[in-house]
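> Each chain, letter by letter, is given below.
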Amino acid sequence: MEYAIDVGKVLFWFSSIMGLASILTWMERKQSAVMQDRIGANRADIFGFRILGLFHIIADSIKMFTKQDFVPAQGNRILHTVAPMIALFFALVGFAAVPFGGTYEIAGYTVSLQVLDLNVGLLFVFAMMSMGIYGFVLGGWASANNYALLGGLRASGQMISYEITMGATVIGTIMVYGTLSLQQMNIAQGELLFGWIPAWGILLQPLGCILFVTAALAETKRVPFDVPEGESEIIGYFVEYSGMRFGMFFLTDFIETVLAAVLTTTLFFGGWQVPYLYAGGFEFPWGGSFELPVVAVMLLQVGAFMAKVFTLCFIFLLIRWTLPRFRWDQLMRLGWTIMLPLSILNIVVTGVVLLIVGN
Amino acid sequence: MAIKVEEKQLTLLERLYVLEVVRGIALTTGHFFRNMAVHIARLFGLAKDKKGSTTFQYPEERRPLAPRLRTLHRLTRREDGAPRCVACMMCETVCPAHCISIVAGEHPNPLIEKYPTRFDIDLGLCVFCGYCVEACPEDAIRMDTGVLEFTSFSREGMVYDLNKLLARSETPKPNEESKVKTA
Amino acid sequence: MPTLTIDGQEVTVDAGTTVIQAAEQIGINIPRYCYHPGLSLAGRCRMCLVEIETFPNLQIACYTRAQDEMVVSTTSERVLSARQSMLEFLLSNHPLDCPVCDQSGECDLQNFYMDHGQYQSRFLENKVKKKKAFPIGPHVILDQERCILCTRCVRFTEEVSKSNELGVFNRGSRSVIDLYPTKSLDNPYSGNVIDICPVGALTEREFRFKCRVWYLASQESICTGCSRGCNISLDYNGSRRAYKAGGRRVMRIKPRYNPDINKWWICDEGRFGYGFIDTDRIETPMQRTTSDLEPSDWDPALARVAETVKAAYSEKGANGVGVIVSPQLSNEELLACRELFVEKMKLTNVAALNPWEEPGEADDFLRNADRNPNTKGVEDLGYSGDAKAVLEKAAEGEIEVLIIFRHNLADGEAGKLLEKAKFVVYVGTNWNATAERAHVVLPGATHAEKDGTFTNFEGRVQRFKQALLPIGDSRNDSQIISEMAAKLGYSLPASADEIFEAWKGISLDELSGSGSSVDPDTAVQA
Amino acid sequence: MSASFEFTPENKKRFEEILRRYPTKRAAMLPSLHLTQEQEGYISPEAEQYIADLLEVPVVDVREVVSFYTMFTRNPLGKHHIRVCESLSCWVRGSDEVKETLEKELGVESGGITEDGEYSWEVIPDCLGACELAPMLQLDGYFEGNLTREKVVELLKKQAASKTSGK
Amino acid sequence: MPIVKNISEFFGNENARSLKWRLEHGGYESARKALREMKPDEVTETVINSNLRGLGGAGFPTGRKWSFVPKGTDKPKYLAVNCDEAEPGTFKDKYIVEWDPHRLLEGIIICSYAVGIHTAYIYIRGEYVRPFERLEQAVKEAYAGGIIGEKVLGEDYKLDVFIHRGAGAYICGEETGLLESLEGKKGWPRLKPPFPALVGAFGCPTVINNVETLSHLPGIIKNGAQWFSDLGCERNGGSRLFALSGCVNKPGVYELPMGTPMKELIYEHGGGILEGRKLKAVVPGGTSSAVLTAEEAEMATLDFDCLAKLKSMAGSGAVIVLDEDVCMVKALHNIEHFFSHESCGQCTPCREGTAWVFRILTRIVEGGGTMADIATLKNLGQNMGGTSICALCEGAAMPLRSFVSKFEDEFEYYVKHKRSLVEDRKRNAVAV
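Chains as they are written, first to last, in our numbering: chain H, 1 to 359; chain V, 1 to 183; chain Y, 1 to 526; chain E, 1 to 167; chain F, 1 to 432.
Treat each hint with caution, since some may be false.
To be verified - Some chain V residues well away from chain H (every beta-carbon gap over 12 Å; in silico):
id: 1; residue: Lys4
id: 2; residue: Val18
id: 3; residue: Glu20
id: 4; residue: His98
id: 5; residue: Ser101
id: 6; residue: Asp122
id: 7; residue: Val133
id: 8; residue: Leu148
id: 9; residue: Thr151
id: 10; residue: Ser154
id: 11; residue: Asp161
id: 12; residue: Arg168
To be verified - Cut-off 25 Å, straight-line C-alpha distance, at most; resulting in silico cross-link-like pairs (SDA-like, lysine to any residue):
id: 13; chain 1: F; residue 1: Lys426; chain 2: E; residue 2: Gly112
id: 14; chain 1: Y; residue 1: Lys183; chain 2: Y; residue 2: Arg155
id: 15; chain 1: V; residue 1: Lys51; chain 2: H; residue 2: Asn42
id: 16; chain 1: H; residue 1: Lys9; chain 2: H; residue 2: Met175
id: 17; chain 1: E; residue 1: Lys99; chain 2: F; residue 2: Thr370
id: 18; chain 1: Y; residue 1: Lys130; chain 2: E; residue 2: Ser44
id: 19; chain 1: E; residue 1: Lys79; chain 2: F; residue 2: Glu324
id: 20; chain 1: Y; residue 1: Lys263; chain 2: Y; residue 2: Glu510
id: 21; chain 1: F; residue 1: Lys416; chain 2: F; residue 2: Thr370
id: 22; chain 1: Y; residue 1: Lys130; chain 2: E; residue 2: Gly112
id: 23; chain 1: Y; residue 1: Lys316; chain 2: Y; residue 2: Lys388
id: 24; chain 1: E; residue 1: Lys25; chain 2: Y; residue 2: Arg155
id: 25; chain 1: Y; residue 1: Lys244; chain 2: V; residue 2: Val127
id: 26; chain 1: Y; residue 1: Lys183; chain 2: E; residue 2: Ser44
id: 27; chain 1: Y; residue 1: Lys129; chain 2: V; residue 2: Asp80
What the hints contain is simulated information worked out from the structure, not anything from laboratory work. For glycine and all other residues, C-beta sits at the position ideal for the given N, C-alpha and C.
Required output: the full structure, derived from the provided sequences and hints.
Below, the structure is given as structure tokens:
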């Protein structure tokens, strides 16, 4: 039964991520269309039904699977094949350490809605994210194409630069919550400040939040940080990819977006926490409570988590379709001369405040 | 002549960037929700006079063509139905894409003298610059058919010969322009 | 030697020189229609009017003789306005059918109009209709509406061809140039009227509508029609794909001015005799396998020739192989042949001339009876003996291998002898009975497709230049000979330029300007 | 049209005489063409060829000359040929009237021949050299002047009468 | 000034045509005098001193022209007598040939003797049938009478005179056109130089003189150079025939001294304007001369220099009078019709220009003209002037320029109303 629960968690989590990523591919088109006074994808139909172009997800995947799988003659066949897999794998694996719900006692079983409860969860996620870079670099290199290589190099340069900011930013959060375990952080965010304000990361670390979101967006390599791809310039590391191999890179993009949203939610928006909802039900600070069964609480909390993630994804897409691309030098300058000092400043200020408050 | 660009000095707020980003996002978000509202309203049969998009749903809906738009070529005819073209090869000469090829023949009427025995336009090469129309001294070639779709499964199919070009010799009526036309 | 000033430039000219010629000497080109240096002066187009100080009226430059201290202006306000009004008069009844006119692109009326005209037309009347586009001879079409009555053509038939087919009939604005009804412009030099017509009134029937002139590229060449060696320009399809001109590459031949040989003229035979360059060509090497000639590659074909020659050579020595070169070959090819067959292989049976060849028509102007361009070259290079003796030996079986260049030796007596030859190699450009009878056929290049020189009957060594690539798989004959030599174990230069330089000590390009003639006296003797 | 042309023996003699006047044969062109037209009434292509052979010039030159001069005609004329002068002096004195009258009386337009082949007439823009008689016409080469409508009619009548009496 | 009777002495006298009668009345006396008493150079000298000028139109001093003929050449020399008067309004030579052919022959003898000519051709226009017959008769008689031929007037001098008929081409009245025509070609004028005095008929030196010019010679030889030059005014020797035609009561040929006022010719000798109408314009020297307005005609005198001053010319002495009822547009149309018909077609401006001008005028007359046409006409008049081989083009341009500029109001009226101003006036006058 334990195993069944574990498998269930994995399946649920995996399908949620993949589902969300898939839906994002549709949303990306539809949302951008509506934003830009267009209609958006609506052509794929089954028996005349179009349902707002949702079938494009299916059409896309059919296309991806059936297209010619192409390896450049000069390219490295093995690395060319492996690269997208690496990228996709490490993007997915990071999710394992992220909790999508609390710990519940249901029918005698203790269910912790987290695939892998690590006390260094955050480090694990970052580690996995760093590993993903290899996928992109190898993809670019194995294509034996100057533009692809350039794209791969840019991707690695950009990701490494922003990972530093990201790591430095998160240190503030770790200091506040005093833990590296993501589940612990979530739990800590359930507490109330001054008795009524949920102690979410965004309130405790507002600068950290902005820096983190920015860095996370940069990590996804999407507009405005899409220099590795640079559609109008170099196409990027996947220029020589087609079929499902390209599909994997393509999906990685969206999975990373989800990951960014998930991490942001977990670190700064209370994770699965719903304000004033506790294991037994709602308990409002101004008095009064509302009893709920455990299952309902669980569903509410998982639902809240999902809603937060979804909303963040939505905002990320908004940003992606609103801002223009940075130039490579601007990107680097932003990363190294603004974000990194700011994140270090954030650590210092956090430390000082903690000292004062702690005393 | 160099153009001098006056660079606008950014204010501090603008240089802080975050606020501008927020403003930008607010704008696009505004569009998103307004359009979304219209779409939803129309889904329920409301707000028929409004449109959530400014685009045309292409094959079903077509944009009216500008009168000067250069579209598929046609060759005009004389009153007796013969092509007006006298095979002077001005169009062939001026064509930057070298897509026109004409073979001239001797016309039995010495007043016409010359006529095209072959007149091919390779639309696969054509860049639709319209020079041929400008160069024609006889008003024999025009690009006003309003036809924008001409496709073929072969390169040969993109070569339009005399008969094909003469098939649309009559002047298109203006009100037909927006109607569906396919090659 | 009067010295006069034209547009501020002083020039000293021979006595009797006209102003228009004097101006030409200092590079001032005065517009003209009726004036042609090869014809008598008519002075009727009034286009070349110039202002000369001391003359109250404008004078025509084509007729006015240069005199000392004359001060001529070809660009004064008065001159320009006179030119403009002459153009207006000329164009008043000129049909604007440039689009269908073959002349457009090289039409003086167009050119001068672009330089000096360009005003709004004031001619509101209906243009006078005259007879349009009717053939007046086997090669020429006349369009009376386009005619500006410069009478160059009439003067040509009167003075140069002396055939008097054309005349100016009626008078005043009703004047037309026409053929006398029972006549036809079929004199052997009729094509020249096309060249001298400054407008599109006289156009070429063969060239008609085949190609606009601006598509043509031109190369300097020598006519191969007879031993006169008239200088020609080979106008070929340059930038336009050949199929558009009915597959023709060479579009027309124009005479090239050479004061010593053909002046401005060329005979019709030469002018229209370019058909062989594009028709009936041998395009690939051929070998007779069992009974039929079959296409082959160069290597096997040459190898077979070399093998057979070697076998014959080893069996019968220098008598075993016979060679008949041709006066159609260039000097360089003849030199290569001499080097290989006479000097290296020491063959005894080498001949050049075809004693059965029918002579062409000759007259006292340009046409010579000898239809070969390089008979003199053959003689100069020491070839002697005629094909008959060689053929007879081949027929008797004394000669094992017979190599024939160009000649058609398959008719009549020659044909009977050739029938008996054991092994015939034919090197030529076009299919003929000899080629069909040969065992190995090697395709050579025509004069349009290679470089080289011919020696005309007066001994002038004249250069022709390559205009086209050899058709199909054919190769230029120097190369064929050199490759044949290589297979036989000798080494010969393959390019005409190298051979010429070895022969005359100068490069082909140095040959008296742009490939024109070398005077027989100054020609380097081989 | 005669299939071939030759001078009558009498004209041949005259031609020989004409030839003697000039240092070149060619110069006899105009007189011999006059002779031809006298004999034949017009100048046929055969006559052109004949003259060309006689004078040893290209036939095209003969045609050029024939077409250049207005008095030579390549088409047969009427038995009597009338030329009406239309130049300035005659015009101001009323040559238009003469034209109209002739057109009415003869029933053909200028340049035509009457149906019976009797008369042909033409209006010529060049002066006939009898302006003192304006308006005037030339009947078979002889001048008739000071014309009015009535005089033209009378002239034609007289001509017809002289013919019948001549018979 | 009164009418003089130098060459018009026997006009109208039927007897003067006969050699016998003529010999009795002073015929060939001057020729005999010249042959017997004078050296050729003396004759030339006398003619130079007489101020006799070419009366065919150009007005070149006759004696000077003779002196251009090279003396010591072994080529034959020719005299071409120009009797191809075809300019509208000209008919004076016809009178001489018709009434007094022997005077012409006498002149020919004198001229030939002076220059050393043994062959003379009289080029008579083809349309002159009766004059030709009479001239032929006179020449026949002269040959028969021993006047010309192997022994001229019994002296040891050979002179053949032949008559050459033209065939209807105005341009053959031009010197070199005449020579071409004489040689049996089209009358295309030749390029000059060389002038005919050096290279003329059949490539030999040739003198070309007008009939009237030659007819003056007997009088000059008889009475002396001084007598002749005294008759006329300065630089314009003697008398000349004026052919008066158009709207006058008594058209005809009048012999008047040079320098006679124009109005005397018109009003006194010509009997005034038809039906008492007013004078409007005068064409003073054939249609190729510029037209004179009434005012100009009033002050003009009939000599070469005065008319040249008025930018016209004395030309062939053909005075055509136009009265107030003549529409100048139609008159010019008439004139240009003539020129376009008679242009030989050699030079571009003449061939195309005359035809174009005629077509514009036709269009105006038919009511299709525009104001721009008037400007075009003026401009074409400029463009056609002085650019061709011979003077015909200039001759067509002169009336064109003068008519359009002097009577512009009539042209403008015609274009505007599509009707003639003159005819409208006449109609209104009748209506009133």
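> Does each hint fit the structure? Answer for all of them.
Hint check results:
Listed as a non-interface residue, Lys4 (chain V) keeps its Cβ farther than 12 Å from every Cβ of chain H; the least gap is roughly 22 Å. Distance check on Val18 (chain V): its Cβ comes as close as 7 Å (rounded) to a Cβ of chain H, failing to clear the 12 Å threshold; non-interface status is violated. For Glu20 (chain V), the non-interface assignment is contradicted: its Cβ lies about 9 Å from the closest Cβ of chain H, within the 12 Å cut-off. Every CB of chain H is more than 12 Å from the CB of His98 (chain V) (nearest about 30 Å), matching its label as outside the interface.
With a least CB separation of 36 Å from chain H, Ser101 (chain V) remains clear of the 12 Å interface cut-off, as annotated. Every CB of chain H lies more than 12 Å from the CB of Asp122 (chain V), the least distance being 29 Å, so the non-interface label holds. Every C-beta of chain H lies more than 12 Å from that of Val133 (chain V), the closest at about 33 Å, which supports listing it as non-interface. Taking the minimum C-beta to C-beta distance to chain H, about 19 Å, the non-interface status of Leu148 (chain V) holds against the 12 Å cut.
No beta-carbon of chain H is positioned within 12 Å of the beta-carbon of Thr151 (chain V); the least distance is around 18 Å. At roughly 21 Å from the closest C-beta of chain H, the C-beta of Ser154 (chain V) stays outside 12 Å, upholding its exclusion from the interface. No beta-carbon of chain H comes within 12 Å of the beta-carbon of Asp161 (chain V); the shortest separation is about 34 Å. Every Cβ of chain H is farther than 12 Å from the Cβ of Arg168 (chain V); the closest lies at roughly 30 Å, confirming the non-interface assignment.
Pair hint Lys426 (chain F) plus Gly112 (chain E) does not hold up; C-alpha atoms about 35 Å apart against a cutoff of 25 Å. Distance restraint check for Lys183 (chain Y) and Arg155 (chain Y): the Cα-Cα separation of roughly 17 Å lies within the 25 Å cut-off, and the hinted pair is therefore satisfied. As the CA atoms of Lys51 (chain V) and Asn42 (chain H) are separated by approximately 16 Å, the hinted pair is consistent with the 25 Å bound. Proposed proximity of Lys9 (chain H) and Met175 (chain H) is contradicted: the alpha carbons are some 30 Å apart, above 25 Å.
Distance check on the hinted pair: Lys99 (chain E) and Thr370 (chain F) sit about 29 Å apart at the alpha-carbon level, beyond 25 Å; violated. At most 25 Å may separate the alpha-carbon atoms for a hinted pair to count; Lys130 (chain Y) and Ser44 (chain E) meet this at roughly 23 Å. Restraint check for Lys79 (chain E) and Glu324 (chain F): the C-alpha separation of about 41 Å exceeds 25 Å, so the hint is violated. Taking the CA atoms of Lys263 (chain Y) and Glu510 (chain Y), the gap is about 22 Å. The hint holds against a cut of 25 Å.
For a cut-off of 25 Å, the pair hint linking Lys416 (chain F) to Thr370 (chain F) stands: about 8 Å separates their Cα positions. Straight-line distance between C-alpha atoms of Lys130 (chain Y) and Gly112 (chain E) comes to about 22 Å, which keeps the hinted pair within the 25 Å bound. Of the pairs offered as hints, the one joining Lys316 (chain Y) and Lys388 (chain Y) holds, with about 20 Å between alpha carbons and a cut-off of 25 Å not exceeded. With a CA separation close to 21 Å, the supplied pair Lys25 (chain E) and Arg155 (chain Y) stays within the 25 Å bound.
Restraint check for Lys244 (chain Y) and Val127 (chain V): the C-alpha separation of about 21 Å stays at or below 25 Å, so the hint holds. Restraint check: the Cα-Cα separation between Lys183 (chain Y) and Ser44 (chain E) comes to about 16 Å, which is no more than 25 Å; the hinted pair holds. For the suggested pair Lys129 (chain Y) and Asp80 (chain V), the alpha carbons sit about 22 Å apart, so the restraint of at most 25 Å is met.
Consistency note: the structure conflicts with the earlier hints numbered 2, 3, 13, 16, 17 and 19.
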